[in-house]
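Read top to bottom, the protein sequences are chains A and B.
Just so it is clear: in the first sequence, position 313 is 313 by the numbering used here, and no numbers are missing.
Just so it is clear: in the second sequence, position 266 is 266 by the numbering used here, and no numbers are missing.
Since the hints were made in silico from the structure, they are not lab data.
Using N, Cα and C, we set each Cβ at its ideal position, and we do this for glycine too.
Any given hint could turn out to be false.
Restraint-style ranges between C-beta atoms, simulated for each label pair [claimed, not checked]:
1. B:His175 with A:Glu328: 49 to 59 Å
2. B:Thr289 with A:Gln222: 25 to 35 Å
3. B:Thr358 with A:Pro196: 51 to 61 Å
4. B:Glu363 with A:Gln222: 23 to 33 Å
5. A:Asp76 with B:Ala5: 42 to 52 Å
6. A:Pro148 with B:Asp136: 52 to 62 Å
7. B:Gly178 with A:Gly178: 43 to 53 Å
8. A:Pro126 with B:Pro58: 35 to 45 Å
9. A:Ala57 with B:Ser17: 15 to 25 Å
10. B:Glu11 with A:Gly268: 46 to 56 Å
11. B:Ala146 with A:Gln222: 28 to 38 Å
12. B:Leu333 with A:Gln222: 31 to 41 Å
These stretches of chain A come out as covered by chain B in the derived footprint (C-beta under 8 Å, 3 or more residues) [as the list claims (entries may be wrong)]:
13. 37-43
14. 101-115
15. 200-212
16. 232-243
17. 249-261
18. 265-271
2 protein chains.
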Amino acid sequence: MTDDAWVAWREARPPTSLLHLDTAAVGRSSVATLEAVAGHARLEAERGGYVAQEQAAPQLEELRRDLAGLLGTDTDGVAFVESAMTALDTLVRAWPLAPGAHVLVAPSEWGPNLELLERHGLVTEPITTDDDGVVDLDAFGRRVGAGPVDVVLVDQVSAHRGLVQPAAEIVAVAHEHGVPVWLDAAQSVGHVAVPPADAVVATSRKWLTGPRGVGMVAVAEQHRPDLRVRRPAKLPDVPVVQLLESQEAHVAGRVGLGVAVREHLDHGPGAVADRLAEVGRAVREMAATLDGWEVVHPHAPAGATTSLRSTAGQDTVRARELLLHRHEILTSLCLPWRAPGERIDEPWLRLSPHVDLTVDDLERTAAALRVV
Amino acid sequence: MTDDAWVAWREARPPTSLLHLDTAAVGRSSVATLEAVAGHARLEAERGGYVAQEQAAPQLEELRRDLAGLLGTDTDGVAFVESAMTALDTLVRAWPLAPGAHVLVAPSEWGPNLELLERHGLVTEPITTDDDGVVDLDAFGRRVGAGPVDVVLVDQVSAHRGLVQPAAEIVAVAHEHGVPVWLDAAQSVGHVAVPPADAVVATSRKWLTGPRGVGMVAVAEQHRPDLRVRRPAKLPDVPVVQLLESQEAHVAGRVGLGVAVREHLDHGPGAVADRLAEVGRAVREMAATLDGWEVVHPHAPAGATTSLRSTAGQDTVRARELLLHRHEILTSLCLPWRAPGERIDEPWLRLSPHVDLTVDDLERTAAALRVV
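Chain A with its partners taken away, still in its complex shape:
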């Protein structure tokens, strides 16, 4: 695959003067994705909402199949919900856990996930890591072996600095001790390969560049009979995992996600992952040349997401504003609430380009970072 594929990726999106380095927040949808959403919404107004949904059934089934492949499960194992947070909430409510159940999490875990677990009366305990925040597999094995551990929750790619955890190895070690693993793949699906796990939650809007308002939850086959879910009278026949699905929803968004996922598969998930790794390395190499900015954990395993800390007294909050309003470069500010387990005491600037990052974009970013 040549760079032409990435030029085509950008050209398939609405033209903009903005340099968008914020896929970890919301990726840029393609024109075809946007048109699919708008087209379905129009069909709803022309033919009726449920008639339109029936007409879209083949696309929705194809999406379910495609996502099952990306999330390491089968078609019956996928449910659509509003967001990744809703997906985790739905999962916690459906999983057979007693109040006070023990959940192991890495210190890099997404803060709102920790709050959600706590709200459900679950007890979280941090997993031992190395200095870069990567799960220490030996220590982890000893801990899950010692019990009691009811479940492990892993953000495969963390939101605040793009750390990639060894998810497949974590699953393998946990399974040696019979402990299930939930993967939060919100930052990983469409970014790095998602290994099979006991459950996976994910979102449409980031690396898959689908619409906002669509999330996914996947549950492995062996856990489906144990899900705490009642079958409503109006759904006598659907697979059990689909009972987790929101029935009244942004269906047009699901139709649009189908197009976005197809585009992703056409580019090739492996090729996209390789390219995103290359893009991330290029950003970190660029940042290493800058005075005043330092890559956070520069040697940690990472994909396309990089966080920077200011080292010359610049106000990071203001820098992010200036980048956007003066230089038309979109980044995110990462405040400590994103990963309270890492006890961060400063805001970071997060850069998360997609596959279409060019050398010119890198130079434009470097030039802007030098003056904000």
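Assemble the complex: chain A is given as a structure, and chain B must be docked to it using the hints.
Using the frame of chain A, we list chain B on its own:
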């Protein structure tokens, strides 16, 4: 207001050969609403999802204000969620109710609502009604006076046959005894006036003809301090009811709903309600002339929604299919799960036109019903 307003209402929507008598399922959005949704989604792809949301903040605030007016509360009392079902689920989780709390419901209550209450361990008890299913206010007063009753849930307009309950009177009687009332306004907002209540759940997609994937929950001021809701670290400042809101959502849908609600307010909610009452009466008068079909509870208080039962042995399931596929008339089939409290033992055919129903449409419907 002349009929011209209703011609304009139809002309503002995508042209279609379909006769859409299914607002109680999903109403027909206007072109301006569809364009607002698509425009916001495009802006997300051009400027970034969160930048687009910030740019739309004035429209979203206006929507919150407009909906507060329609739902009988103030701006701080409204939260957006995915759907009316999610709104009720959110409400049950946030309201200070002990497991086993007692909820009074009318027999006409929406079946999935009953299942949701049961799933949360609440105990439902039917309210006494007259022969048409209308809440008997005297009996209701005696029952709430006798206690224990923790809350009353009322579907203001029922989904399966358009029955309009005396919601304002129910609230007044319940309040005499200090019992809070939740209104399910999914079928009433945009249809009939929604009186102030302790909490209201509603949806965008039916009578307001906004997008799918947007629901609302409103909570009266005096109950806000008691809501069981935790403030996440990332939202230090928002009003407490907004903590019930889904943060990651179909924001473009909310922007579109803003346009739909403005259009509704421009027509005038009172004029719309009067017109919908007139439309419903016209449907029932038309149906009374048909052999083979009978209006269900023809004298019950109703708005625009009418359900018919077949009286000459026609298969209602097939009739609904024929209406759609042979006559291009969209209606809904109402199966007994929609209102298990009414112990219905047959499917009904539901007609729910919006304000734009014409005399020609009525004749077309009558002609089709005679032959299906």
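Taking the hints in turn, this is what the structure says about them:
{"no.": "1", "hint": "B:His175 with A:Glu328: 49 to 59 Å", "in the structure": "holds (55 Å)"}
{"no.": "2", "hint": "B:Thr289 with A:Gln222: 25 to 35 Å", "in the structure": "violated (60 Å)"}
{"no.": "3", "hint": "B:Thr358 with A:Pro196: 51 to 61 Å", "in the structure": "holds (57 Å)"}
{"no.": "4", "hint": "B:Glu363 with A:Gln222: 23 to 33 Å", "in the structure": "violated (59 Å)"}
{"no.": "5", "hint": "A:Asp76 with B:Ala5: 42 to 52 Å", "in the structure": "holds (49 Å)"}
{"no.": "6", "hint": "A:Pro148 with B:Asp136: 52 to 62 Å", "in the structure": "holds (54 Å)"}
{"no.": "7", "hint": "B:Gly178 with A:Gly178: 43 to 53 Å", "in the structure": "holds (52 Å)"}
{"no.": "8", "hint": "A:Pro126 with B:Pro58: 35 to 45 Å", "in the structure": "holds (42 Å)"}
{"no.": "9", "hint": "A:Ala57 with B:Ser17: 15 to 25 Å", "in the structure": "holds (22 Å)"}
{"no.": "10", "hint": "B:Glu11 with A:Gly268: 46 to 56 Å", "in the structure": "holds (47 Å)"}
{"no.": "11", "hint": "B:Ala146 with A:Gln222: 28 to 38 Å", "in the structure": "violated (50 Å)"}
{"no.": "12", "hint": "B:Leu333 with A:Gln222: 31 to 41 Å", "in the structure": "holds (37 Å)"}
{"no.": "13", "hint": "37-43", "in the structure": "holds (count 4)"}
{"no.": "14", "hint": "101-115", "in the structure": "holds (count 3)"}
{"no.": "15", "hint": "200-212", "in the structure": "holds (count 4)"}
{"no.": "16", "hint": "232-243", "in the structure": "holds (count 3)"}
{"no.": "17", "hint": "249-261", "in the structure": "holds (count 5)"}
{"no.": "18", "hint": "265-271", "in the structure": "violated (count 0)"}
Hint compliance for this structure: hints 2, 4, 11 and 18 are not met, and every other hint is.
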